[in-house]
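Here's the letter readout for the chains.
There are 2 protein chains.
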Amino acid sequence: MEWKNDITRILNIEYPIVQAPMFGVATTAMVVASSKANILGSLPLGDLSPEKCIEVIRETKKLIDTPFAVNIFVNTIPFVSHELKERYNTTKEYIENLAKQHHLDVSLPEIEELKLTSYHEQIEAIITEKCKILSFTFGNLDQQSIDKLKSHGTVLIGTCTSVEEAKILERSGIDIICVQGIEAGGHRGSFTNDNTSQIGGLSLLSQVYDSVTVPLIYAGGIYNAKTLLAVKVLGAQGFQIGSLFLGSKESALNEAEKTRLRNTSEKDIVLTKSFSGKFARGVKNVFIEALENTDYILPYPYQYKLTSELKNVAKSYNNTDFVSIWAGQSLHSFDGKSTAEIISNLIEQTEYSEKAYL
Amino acid sequence: MEWKNDITRILNIEYPIVQAPMFGVATTAMVVASSKANILGSLPLGDLSPEKCIEVIRETKKLIDTPFAVNIFVNTIPFVSHELKERYNTTKEYIENLAKQHHLDVSLPEIEELKLTSYHEQIEAIITEKCKILSFTFGNLDQQSIDKLKSHGTVLIGTCTSVEEAKILERSGIDIICVQGIEAGGHRGSFTNDNTSQIGGLSLLSQVYDSVTVPLIYAGGIYNAKTLLAVKVLGAQGFQIGSLFLGSKESALNEAEKTRLRNTSEKDIVLTKSFSGKFARGVKNVFIEALENTDYILPYPYQYKLTSELKNVAKSYNNTDFVSIWAGQSLHSFDGKSTAEIISNLIEQTEYSEKAYL
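Chains as they are written, first to last, in my numbering: chain X, 469 to 826; chain W, 469 to 826.
If you are wondering where the hints come from, they were derived from the structure by calculation, not from laboratory data.
One or more of the hints may lead you astray.
It does not matter which identical chain is meant; a pair holds if it fits inside one copy or across any two.
[Claimed, not checked] Simulated pairs of lysine-lysine, DSS-like, Cα-Cα distance not exceeding 25 Å: (1) Lys520 <-> Lys618; (2) Lys752 <-> Lys635; (3) Lys823 <-> Lys472; (4) Lys530 <-> Lys600.
These figures come from a predicted structure and were not determined experimentally.
Generate the whole structure from the sequences, applying the supplied hints.
What follows is the structure, given as structure tokens:
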């Protein structure tokens, strides 16, 4: 199989495969292993402070000198109105009580205690650290940030969940677009539609391919040679893999979470706003069932910040009913292979199967 | 391209392409044109009475002697409890008032006036008429019906929206499974999950392929060579096309509906229970927006029967805000080509593109 293409050239990698930036799951070790396997590792910065961003970037750079991407959330932070503060307090109380009913004692932070990070501060850190590749989700960068990053030679990868979003990213001069199908695990990257776009990969990727000219990475459902090759036929030059790494040695999921994932059936993989205020796909549990369709879901990032401590405490007790286990619609064994093995298996399988198809 | 495979052999057709059984859209003319183009035409029987089934089957048979499928809805009919009757009356009043507010004067039927058809009666008609191929959705046939149809040599095609449903169909001895991705237009064929399964084609088809051994048809998002070939790579041997025919000369949509469809953007294609009580994908309009998330949605088939007259009247006035225009997630020009042209274009395009891929 000819792996070399626009994506490998622009990103300076050997295989146009991307380890998904799964904040909370993708460790530095996973990024390093991906990079050493000659694919693109993605270091998720999530809502880390600029100082913490610098720390994890330096930690990664110490271990590899091959390219890797950093990933940020591009979102606005809603003003804390009196109404929002009241809703925050009610939600905090509801969640604390819910946890207590399930024998989990947590005290969640007051709204005044939350430390919110603006992505602009993170971009400063990224420029300071001379990161070569920046991927982002939840929005499009403002033009000033785009111009600044480009003047520093940073390659930009934006995320879309609709044709409309793909066109917006292309018009802004984004270098590569990551097309996220509804199959994908974790947060939806949508940013233009209140009814978060839920388009399946077959329809979405082929229509985005028909509508823009920048190279495309596809994310959502790729777990074997067949899905990778199908996505190639649909027009993607890059292949983003997330869920395939969830059970890996380098995954930050603990054994309880990995076991829960292995015992999950297709009808338990749901889209929910419960943990963060934004739609994300993952394993249904007590927390999601209790919050779904209630008023106890604050706008992002407040719900996300509010539930962070809950998740930390639950995780420390191996309680998988109060943590978010994000996963996509392609279920598989989630076995404990290493990141390197997972990548080489996928590449070998694809090269072998390709002869039958492409 | 080698089109011959298990599907063409079992169904005795030249190209393993299936014209989707779109009740209300797929006319006899469309079925005949499909059959003459050497693909499988599907005659939708929907909720037609056995007498009417016989009539349309005979009408079709008079025009072609090539194979075509008949399609039925396999569903149970909920008992009319006192509570359901009350809800029916409230919903009837709500919808009549809503229509009146939009200058549409309709009088919807009383619940006692509804003529409900059991699929068992339809099966009798199908056997009487010696139909060779029966496809079905909304459920699995009971074992007695399966045995009876098989003893008459009828080929059975069941619809699944999850791996679980595919396994149920295979265990029952269904000959071919139609895998319906979330991309598909019209009604979801789900029958095991209250939270109707919403799995994207990439994840669903590849996982169903890994889980059963019967030949698979895929439905959802196929609109050009690329999507057809991708679906082939994922393991489908048959390719069901629905939305591609919506704008065709043989489509039962009127000009107002076709125009509405052409002016629809991706964010207006929604899943809704408003028209029938079962989830279906189509064009958002006044009716859907008014009913979504209200209590004015009865269980199938009552909502469906209740709104039938509304749709008929609205259609006669070219009012596209009170009709159901079902469509999938792959939008395209919906131009007025003939069914025959659409099919031959797709076949030619696929044969041409295949050289680049497969």
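Status of the hints after comparison with the structure:
1. Taking the shortest Cα distances, Lys520 and Lys618 sit within 25 Å of each other inside one copy (23 Å), while across copies they are farther apart (67 Å).
2. In this assembly of identical chains, Lys752 and Lys635 lie within 25 Å of each other by CA distance solely across copies; the values are 23 Å between and 33 Å within a copy.
3. Taking the shortest alpha-carbon separations for Lys823 and Lys472, both the intra-copy value of 17 Å and the inter-copy value of 20 Å come in at or below 25 Å.
4. Proximity of Lys530 to Lys600 under the C-alpha cut-off of 25 Å is restricted to the intra-copy arrangement: shortest distance 15 Å within a copy versus 68 Å between copies.
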